[in-house]
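**Q** Here is how the chains run, residue by residue.
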Amino acid sequence: MAITKVNVGPIHPSTHGVLRLVVHLDGDTIAKVEPHIGFLHRGVEKLVETRMYMQSHPYMEKIDYMAPMSVDDLYVSTVEKAMEIEVSERAQYVRVVLLELQRIASHLFWVGSICNDLGQLFTTFMWGFRDRDMALRLLETATGQRMFYVNMRLGGLARDIPEGFGDETLKFLDYLEKRLREYEKFIEKNPIFIQRMKDIGRISRSEALDLGVTGQVLRASGVSYDVRKNNPYYVYDKLDFNPVVLQQGDNLARYRARVLEIEESIRLIRKALGKMPEGNALGMPVKLVSPPVKNRIVSVSRENPRGEEMMYMVGDPQGPYRLSIRAPTFINLSALDYMARGNRFADLFAIMGTLDLVMADVDR
Amino acid sequence: MKIDRAELTETVESMKKQGFDYLVKITAVDYVNSVEAVYFLRNTEKNEDTTLEVEIDPSDLWIPTIVKLHRSADWYEREMSEMFGIEIKGRKAKRLLLEKWDGKPSPLRKNFIWGEPYES
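Residue numbers (this note's numbering), protein chains in the order written: chain A, 1 to 364; chain B, 1001 to 1120.
Keep in mind that the hints were calculated from the coordinates and are not lab data.
Note that the structure is a prediction, hence the values are computed from the model and not measured.
Any given hint could turn out to be false.
Unchecked claim - 20 Å max Cα-Cα, derived EDC-like pairs, lysine to aspartate or glutamate: (1) A:LYS46 to B:GLU1082; (2) A:LYS275 to A:GLU263; (3) A:LYS81 to B:ASP1049; (4) A:LYS294 to B:ASP1049.
As the list claims (entries may be wrong) - Here are some chain A residues pointing at chain B (derived, C-beta under 8 Å): (5) VAL44; (6) LYS46; (7) LEU209; (8) TYR225; (9) ASN230.
Even for Gly, the Cβ is constructed at its ideal location relative to N, Cα and C.
Make a model of the complete structure from these sequences and hints.
**A** Dropping the structure here:
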């Protein structure tokens, strides 16, 4: 049969940003998908070369606007490693709590939006938004901002968590656990949802490794790699963390991996709050920091909500000589072509939805 | 680990046989007198990471492809070739990925000055 080319986007409700797909169709079956990216390319890597270290700090958060704190933390950790700055113990615990709250917020948004992509319009979307907003409100009480926090400082944080924050968070976690059961009943018992998720977009373990996918996409295919476990940072090794690894490798496994990760985050926050030591969590003033030596090379990895984000930095006393960012969604999107082939056109959005794309992160 | 450009494909292939089955990232750094391509490989079984650094002379800017060994190299190589003007030999040239601009100098090279107007 002749191949039909269908253009999707760049403005399309299911693309979560500006992404254009050229889909080659054989009847209703996908023969090939060409993602056209770059609409949000801002040249972040070039821009940071022209600034001093702490000038690019707020800008980093805009790389992944669904989980700004994670990227902020990654950048600050990279600079800390280059300057050989130790993070105080309390600051490490506070960072873990805030980062896991950020992960919950990001995953809740995703759970809502995947249902929207599958045609379960706005009910779960609003539920996800409501619960995400509670997580954001907690982050707001801790940092003073709702979305772009700029709360990380070298060696600690800009503000310590306020009094009563722990109790508020525990209350929210109890509430969220109940809500997750409701989500389960509402979503996973829905035959239409299962039909479009089960056995769709399946990739095996070896394919996942070859495609280089990361995060939940990799772990849903049976590869146990989570930076928090395999290359632990902060206090994750003291919190008895277990990565979520599933075997099926289809859309449903990727959905379950994210929901189970919310539960794992809930457990992590409870433990971290219980073990939180007294002390100083504040970062040091920039004036007291000695800059890194010329051509000092560091690379730091962090498990962000969307997968492993890595920064490779060549240091210089003035500012970064070169900062290279490994974006998790960039490599996940490059696997879309392979994952979608042979599926129906309608399922393309289900597959793309489970990749959890943020186009600002793809394009940088 | 610093290696020569000619032995890149062989090294990646032999490392893949040793269990380095996951390509984390390919990137490059412009040191003005030389351009260095950096390959991050990972052994997922043994949880080991390694980097391969390949120095390239800026007047003869090319590197062999490893896309046949790691499919994930595809977009990384295209990004690197666009940002640094490094020609990737041994693979089909494809449309531009990120910048939609292949004028000279390439955006992430040090002779590209931020803020100056360039024509494509």
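**Q** For each hint, tell me whether it holds in the structure or not.
**A** Right, here's what the structure says about each hint:
1. A:LYS46 to B:GLU1082: holds, 13 Å
2. A:LYS275 to A:GLU263: Given pair LYS275 (chain A), GLU263 (chain A) holds - Cα atoms ~19 Å apart, limit 20 Å.
3. A:LYS81 to B:ASP1049: holds, 18 Å
4. A:LYS294 to B:ASP1049: violated, 24 Å
5. VAL44: Since the shortest Cβ distance to chain B is 11 Å, the answer is violated.
6. LYS46: holds, 6 Å
7. LEU209: holds, 5 Å
8. TYR225: holds, 6 Å
9. ASN230: holds, 5 Å
Checked against the numbered hints listed earlier, the structure breaks hints 4 and 5; every other hint is satisfied.
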